[in-house]
Each structure stands twice: as structure tokens, then as C-alpha cells.
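Q: Residues per chain are reported as follows:
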Amino acid sequence: MGHEWLSLWSFLYGPLAIFLVGLYGLLTQKNLIKMAISINIMDYGVNLFIISLGYVPSAEAPIYTEAVKTYLPVFADPLPQALVLTAIVISVAVTAFILALTIKIHSQYGTTDLTKLGEMEL
Amino acid sequence: MIMQNPVLLIAVPLLLAFLIPVFSSFFKGAVRFIPVLAGGFNVIATALLISRASGSVTVTEIGGWASAYGISLLFSSQIGYVILAVNLTALLAIFYYTLNERDLGSPLAYPIAFTLALSGANGMIMTGDLFNLFVFMEMTAIAGYIIAVHKKGYLGTFRFVVLSSVGSALFLMATAALYNATGFLNMTLAGKSLGALAAPFISIISVLFIMALSSEAELLPLNGWVAPVYKESSGAGSVFFASVFSGAALFAVIKVMLIVFGNNYAYVHQGLLVLGLVTLAAGEAAAFKQSNLKKMVAYSSIAQSGLIIAAVAAAMRSGVLHNGLFSAALFQLINNILAKALVLLGIALLGLATLKEIGGAGTRKKWLGVFISAGVLSLIGMPGFAGFWSKLFLVRELVGSGMFVFTLVFLLAALFEAYYYLRFLQSLFLGKSTTAASLPKTSWVTTILLFVLAALIILIGFAPDVIIRAISGLSLGGVL
Amino acid sequence: MKKVIAFLLFLGLLFFLGTGLEQGLKLGDRNTLAGKAGEAYLKRTVNSADPSASPSRVEYSSETDIEENAANTVTSVVVGYRSFDTLGEVTVLFLAATGVMALFFTSGKRKRLALAKPNFILSVSSGFLLPLIILFGAYVFTHGHLTPGGGFQGGTIIAAAVLLLYMAGNAYKAPSTGLKILEGLSGAGYLLIGLAGLLLTGFFLQNFLPQGRMGALFSAGIIPVVYLLIGLKVSAELSGIVSDYMGED
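Chains as they are written, first to last, in the working numbering: chain A, 1 to 122; chain B, 1 to 480; chain C, 1 to 249.
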């Protein structure tokens with residue numbers, strides 16, 4: 001019972017909570033850099049969630065080596081790992097862009113505060 | 001044999017885009033022609049593929065791997081016409097960029113962005129795999145971010161990036177959850193295995209998918225970026241958003257709904273129906289009050305996206321696909337793609353921003369006025385233009401299925417649209433100009449571009465049979 | 001007030017999403033590979049008649065005509081079975097580098113970012129750390145099919161070396177045109193391999209080179225070649241992004 005509860009919390013609710021913390025950050029933060037960080041936190045949460053979906057009890061890493069020469073039914077699932085690999089790269093790409101965008105906003109408007117920018121916009 | 005492979009629609013622009021930095025160091029002058037080459041190749045290749053395609057879907061396996069485990073692309077004559085509309089408007093936008101807007105930003109970055117946007121949009125339309133859809137969605141999104149800052153619209157783009165990132169995180173969560181529950185990432189197989197799962201799970205997954213795709217498809221709730229980005233975008237950029245991105249994203253939503261959630265999930269489709277109708281109403285109401293031209297078109301675009309999604313959801317709400325309603329929605333999608341491109345290119349050429357400023361411009365530049373009118377009248381649904389047939393088809397199918405509330409909302413929305421678009425035309429032709437600025441000269445090549453689009457719209461308006469038959473298998477006699 | 005609403009939304013969504021997802025997911029100890037795509041990837045039986053039932057003929061350093069002969073299954077998924085996704089991912093990074101270039105583009109001359117003067121330890125140690133970092137990065141991406149790692153990881157390590165160069169001494173300037181050409185050519189190379197597969201076998205991105213013996217450096221067909229190209233591309237791209245941020249042209 002404890003084992004089940006633990007895996008529920010660490011595999012589902014934990015990563016979900018991290019994702020929602022990022023979302024909370026997007027809703028409440030006013031500083032553009034903090035919003036960029038919140039987006040990153042959201043992505044961490046989702047990546048953790050995906051990896052934990054690939055957990056197989058007592059699993060080996062899905063790599064064939066001298067020690068593990070043939071197929072065993074207790075390899076960890078390689079597909080979520082491949083998905084996360086791609087997802088991390090994509091999140092790096094978006095972060096690079098959004099930070100450059102923040103720098104340009106700062107150089108054009110002189111501030112990175114969303115409320116001040118909102119007033120300027122009008 | 002090789003030319004029949006739909007992968008080329010994605011691979012060739014990709015290859016050309018990768019070669020752009022190489023060319024810019026050795027043959028600098030060639031860089032400007034590469035996006036045109038990519039777009040032109042795609043249009044010709046799509047036409048060839050359509051001529052060899054039939055109504056049934058062909059599956060192309062990438063890498064030769066069985067489609068259950070690998071990635072596959074879907075193509076049929078229906079899909080082909082959507083791709084043709086998207087690629088044709090993209091090609092015209094690229095021409096417009098190459099002729100008029102090359103000095104707006106980095107001359108190296110924008111050919112790359114437009115070419116890759118084209119490739120990504122084709123990928124979104126054709127892919128049959130959920131994670132592949134995610135990757136192409138990200139590709140088009142980032143290309144969209146670059147296109148959105150073409151005229152330094154930084155704040156609108158920031159909002160776009162934030163909303164789009166929320167969407168993509170939700171999509172990823174839903175895809176991974178679906179894999180864990182069903183064991184497949186292929187849309188068809190995941191859809192088949194979905195039946196064994198609990199209803200709350202299915203609802204949540206569907207909500208996540210819709211929210212994720214709603215950002216690029218311009219639907220509520222993640223479409224707050226549309227108006228600011230359209231307002232500050234360049235001419236070619238606005239066409240890419242209205243026709244290429246939103247067309248591809250809408251088709252992707254339709255595909256996910258049809259293939260993954262196709263069998264009997266009435267609650268999913270009914271929720272989507274409500275979402276579509278609310279978006280339609282909100283979009284028309286917002287457009288009604290707008291005096292900025294591009295924002296007006298932006299809200300109109302949002303409303304039309306809502307309409308198309310609502311129609312598709314209505315077609316599937318009884319569990320069995322209603323072919324007539326579905327085909328009507330696809331036809332409306334294609335017409336919107338063409339008409340919006342024409343209107344936005346025209347507005348970009350006028351170079352003016354608000355209703356007051358364009359007063360009388362149509363009388364000073366007659367051809368431009370005529371072309372813009374063709375686009376606008378098609379959007380309203382005036383007889384003689386393509387939009388008339390798609391709206392008629394939609395009304396007939398809606399009434400035939402007994403969806404009277406929907407029909408009422410649709411007709412009200414059409415009235416609103418007619419009002420503000422006719423107000424636009426009135427200002428264009430009959431108004432008095434408040435600015436003394438002289439209108440920019442339009443080169444004859446650009447005029448020909450607009451002529452092509454307008455001619456296509458009028459052609460479909462007078463002889464819609466070819467398209468209707470290809471899309472639905474019905475002929476004109478069956479429509480009326 | 002807004003924070004209270006956001007916090008309530010947080011709790012509500014956590015509960016709502018969590019309980020809904022819980023009903024369909026196979027979490028933790030309930031998860032098995034049976035019948036999933038992951039199983040077929042591990043057994044290398046994707047193109048067999050019945051992937052979950054076919055016996056796996058995989059044997060490390062013995063068998064030679066297995067489907068995707070990379071010892072690292074994650075690599076064979078990323079660059080073999082789902083290579084199209086990786087092509088998209090490579091393009092996304094390319095777009096990010098292009099986007100950063102588009103944002104920092106000005107027609108005039110750009111001023112380089114002034115960093116704090118590096119301290120003694122940094123400037124001395126970067127001298128001998130640099131070749132080690134680059135070597136390690138190259139090792140990671142050439143051995144991607146044998147051990148954990150691959151093109152993206154190795155490329156990032158090499159880009160970190162470039163960042164170190166920038167931070168350790170104000171005189172370094174990354175060769176941006178050279179980097180752009182490398183980026184473009186390696187990306188085009190990946191696509192040309194895919195198109196070669198299309199011409200030779202009728203399938204785009206088919207693994208058409210000989211598979212070799214699992215565990216050998218030259219095995220798994222096109223996978224090491226593709227990862228090499230990806231490694232070069234990612235290092236060029238990320239170095240380009242770093243130099244754009246530093247204010248170089």
C-alpha cells in the first residue's frame with residue numbers, strides 16, 4: 001500500500017505539481033525573465049512526467065552491453081527516454097529565443113516589467 | 001515513383017533551408033530565390049500528387065518501418081487540396097516577401113524562417129503520428145515566432161511564445177499519457193486502443209490536446225496572441241499566420257479528433273462544438289468593434305476557425321462521421337485560406353492601418369481595390385465567389401442534420417461579418433482620406449500575384465464542382 | 001488577490017488532472033512493456049510479422065543482421081525508428097539559432113558584450129581543460145550508439161567549450177561564417193542521407209548501410225554517421241547562439 005502511494009505521488013502528482021508551479025508562475029509573475037524561467041519549470045515538470053511513465057519495476061537500462069547481452073523483459077522503456085531527449089532540445093531552443101527576445105524588449109523599452117510595458121503599449 | 005512520395009513536400013524545403021547559410025557565403029544573390037524555389041516545387045509536387053491520388057488515404061511509412069511503430073504520413077485527394085491551398089498561399093506570401101519586404105529584417109533569417117514554416121505546416125497536415133505532430137507543431141511555432149518579429153512586434157510575440165509554450169507542454173503530457181495507456185504513438189492505433197480506457201481519462205486527454213492545438217489554430221482559450229501579432233506583422237507574415245499556420249493547425253485538430261477520438265466519444269465532440277461556437281461568437285463580436293484593419297481580419301480569422309471546428313465537431317457528434325457536414329467544413333477551410341491571404345496581401349500593399357486612413361484608397365488604386373473586394377466578398381459569402389458555395393453547403397448540411405441552434409448562430413455571425421466587411425469596403429471606395437500620404441506603388445509582379453488568387457476565388461465561385469467532388473465525392477447537383 | 005486565485009487554480013488543476021490521469025495510466029509497479037512499442041524496439045522486431053511475439057535474436061557482439069544494430073536502444077529509437085522526429089528536432093534548433101540571429105540583427109556594427117575580467121584560475125585552467133572538453137564531447141557523439149549519449153549531448157558539451165573560451169579571455173571571437181556553413185552542411189548532409197535512402201530503397205531515411213556487429217564502433221548502418229553530423233551541427237549552432245548573445249556579428 002505504501003509502495004503504491006509512493007509511486008503515485010512521485011510519478012504522477014510530483015511532476016504534475018512542478019508543471020503547475022510553472023503555470024502559476026506564468027500567471028502571477030510580472031518580470032519577463034521570471035516568466036521565461038516559469039516556462040522552463042513547466043517543461044521540467046512535463047519531462048519528469050514522461051520519464052516516470054517509462055518506469056518498469058526492477059529494470060535494466062535499455063542498452064545492450066557485455067553484462068546484458070540478450071533481451072530481457074525487464075528493460076526500462078526506451079521510448080519515453082527518446083521523447084524526452086527531443087523535448088529537452090525543443091525546450092532549449094524556445095528558451096534561447098525567448099531570452100533573446102527579452103533582451104531586445106529591454107533594449108527597446110528600457111524595462112522588463114510587464115505592468116510598465118502594458119502602460120507603454122497603450 | 002520517387003516523385004509520388006509525399007515526404008518530398010517536407011524534405012525538399014528542409015534541404016533548401018539548410019543550404020541557405022551555405023549559399024549566403026558563396027552565392028549571396030541566390031539566397032533570395034531559394035524560398036521561391038521551395039514554394040514552387042511544393043505547389044507543383046502537390047498538384048502531381050493530387051492527380052495520382054484518390055479519395056482513400058494512402059500511408060507512406062518513413063524509413064520502411066511498420067506504421068504501428070514508426071512514423072507514417074497520410075495523403076488523399078481531400079488532404080491534397082488542403083495542402084495545395086496552404087502551399088499556394090505560402091508561395092504567394094513568399095513572392096510578396098521577396099519583392100517588397102526583404103529589407104525589413106535579417107535577409108538571411110527570413111528566407112530560412114518562411115521555408116521552414118512551409119515545411120512544418122506540410123508536416124503538421126500529413127503526419128499520422130502524435131509525437132511527430134508535436135515536433136512539427138514546434139517547428140511551425142518557432143518559425144512563427146521569427147516571422148512575428150519581422151517588424152519588431154516584440155511584445156505581441158512574447159505573448160505568443162508564452163501561450164504557445166503552455167500549449168506544447170500540455171500536448172506533450174497528453175501524448176505521453178496516451179502512450180503509457182495504449183502503447184502506441186500512431187494516431188490510428190492509439191485511437192483503436194482508447195476504447196478500453198475510463199471516460200474521465202479520455203476526457204482529460206482530449207481537453208489537453210484541444211488546448212494545445214488551440215494556440216496555433218486560433219481557437220479559445222489560448223488565442224490571445226492573434227490580434228496583437230497580426231497588427232504588428234509584415235504583409236507576408238500576416239498571410240503566413242492566417243492561411244498557412246492556422247490552416248495547418250486547424251487541419252491537425254481535425255485529424256486528431258477524427259482519427260484518435262473518432263469512435264463514439266460524443267462528449268468530446270459536443271464539448272468541442274460548444275468551444276467552436278463560443279469562439280465564433282466572441283470573434284465576430286470583437287471584430288465588429290475594430291477599427292484597425294489587421295486586427296479586424298485577425299478576429300474574423302478567429303471566428304472562422306471556431307466555425308470550422310464547430311462544424312467538424314457537429315459532423316462527429318453522433319459517433320458516425322457525417323460526410324456532408326465534414327466536407328462542407330473542409331471546403332470552408334480551403335476557401336478561408338485563399339480569401340484571407342488575398343485580403344491581407346491587399347491590406348499590406350495599401351500600407352495603411354485603420355478604417356479612417358484607407359478612405360477612398362480603392363478609387364485611387366483601382367486594381368488593388370478590385371482584388372481586395374474579391375477576397376472580402378468571398379469571405380462574406382457573396383454569390384459568384386468561392387465563399388458563397390461553402391457557406392451554402394454548410395447551411396444545407398446543418399439544416400439537414402437538424403442543428404438549428406448552430407444554424408442560427410452561424411447566420412447571425414454571417415450578418416455581423418457582412419456588416420463590418422462591407423463597412424470596410426465602403427470606407428475603401430467611398431470614404432474620404434484623412435491622410436494625405438500617397439499610396440505606395442505596386443509593382444506589376446505583385447499585381448499578378450493578387451490576380452492569381454482573385455482569379456482562383458472567382459473560378460471556384462463559378463465552377464465549384466471540381467473541388468466539391470474531390471473533397472466529398474458529391475457533385476454540385478448533390479450539393480444544391 | 002490574483003495570487004490567491006492562481007493558487008486555487010493550481011490546487012484545483014492538480015486534483016482534477018491527477019485523478020483523471022490516474023484512472024488510465026499504468027504507473028510505477030503496474031507498468032510493463034508487454035504489447036507496447038517500446039517492447040518491439042528493444043527486441044528489434046518492429047518489421048516482423050508479430051512484433052510482441054517474435055523472439056528477439058539480439059545478441060551483443062555476436063549477431064549481425066538484426067534490424068537496428070545499435071547497442072543503445074534509445075539511440076536506435078531516436079535515429080533509427082523515429083529518425084523523422086530527430087530531423088524535426090534538428091530543424092527546431094536550427095530555427096532557434098536563426099531566430100536569435102534575426103533578433104540581434106542590426107545593419108550597423110555591433111558592440112561586443114563586456115564581461116568581467118577573468119580571474120587567474122579561469123584563464124589558466126581553461127587552457128588545458130579546453131582540449132579535454134572537446135575530446136569528451138567528440139567521444140560522446142561518436143559513441144552514441146554504444147553508450148548513453150549522442151549527437152545532441154556531445155554537441156552541447158563542445159558548445160560549452162566555446163562558452164568557456166569566451167569567458168576566459170576577451171580576445172576570442174568565434175568564426176561565425178564558418179559555423180554557419182558547418183551548420184548548414186551537416187543539416188543538409190542528414191537530409192541527403194535520407195534522400196539517398198529514398199533513392200536506393202524507396203523509403204526516406206531507411207537504414208541502408210550494413211549493420212555490422214552489435215557493439216562494434218562501426219555498426220548500426222547510418223546511425224553513427226547521422227549522430228556525427230548531428231554532433232557537428234548542434235555544436236556549431238549552440239556556439240553560434242553563444243556568439244550572437246556575446247554581441248558578435
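It should be emphasised that the hints constitute simulated quantities derived from the structure, not laboratory data.
It cannot be assumed that every hint is accurate.
[Stated by the list, open to error] Using 25 Å as the maximum straight-line C-alpha spacing, the simulated SDA-like pairs for lysine to any residue come out as follows: (1) C/LYS109 to C/MET167; (2) B/LYS152 to A/LYS69; (3) B/LYS295 to B/ALA198; (4) C/LYS109 to B/GLY153; (5) C/LYS111 to C/SER52; (6) C/LYS109 to B/ALA198; (7) A/LYS104 to C/GLY212; (8) B/LYS28 to C/LEU182; (9) B/LYS192 to A/LYS104; (10) B/LYS151 to A/LYS69; (11) B/LYS295 to A/THR115; (12) A/LYS69 to C/GLY212; (13) B/LYS192 to C/LYS2; (14) C/LYS26 to B/ALA198; (15) B/LYS192 to C/GLY18; (16) B/LYS432 to B/GLY384.
Predicted model, so just to flag it, every value in this text is computed and none were measured.
Q: Now, for every hint given, state plainly whether the structure supports it.
A: Hint check results:
no.	hint	result
1	C/LYS109 to C/MET167	22 Å, holds
2	B/LYS152 to A/LYS69	57 Å, violated
3	B/LYS295 to B/ALA198	42 Å, violated
4	C/LYS109 to B/GLY153	22 Å, holds
5	C/LYS111 to C/SER52	60 Å, violated
6	C/LYS109 to B/ALA198	61 Å, violated
7	A/LYS104 to C/GLY212	51 Å, violated
8	B/LYS28 to C/LEU182	17 Å, holds
9	B/LYS192 to A/LYS104	48 Å, violated
10	B/LYS151 to A/LYS69	58 Å, violated
11	B/LYS295 to A/THR115	23 Å, holds
12	A/LYS69 to C/GLY212	16 Å, holds
13	B/LYS192 to C/LYS2	42 Å, violated
14	C/LYS26 to B/ALA198	12 Å, holds
15	B/LYS192 to C/GLY18	24 Å, holds
16	B/LYS432 to B/GLY384	29 Å, violated
In terms of the numbered hints stated before, the structure departs from hints 2, 3, 5, 6, 7, 9, 10, 13 and 16, listed from lowest to highest.
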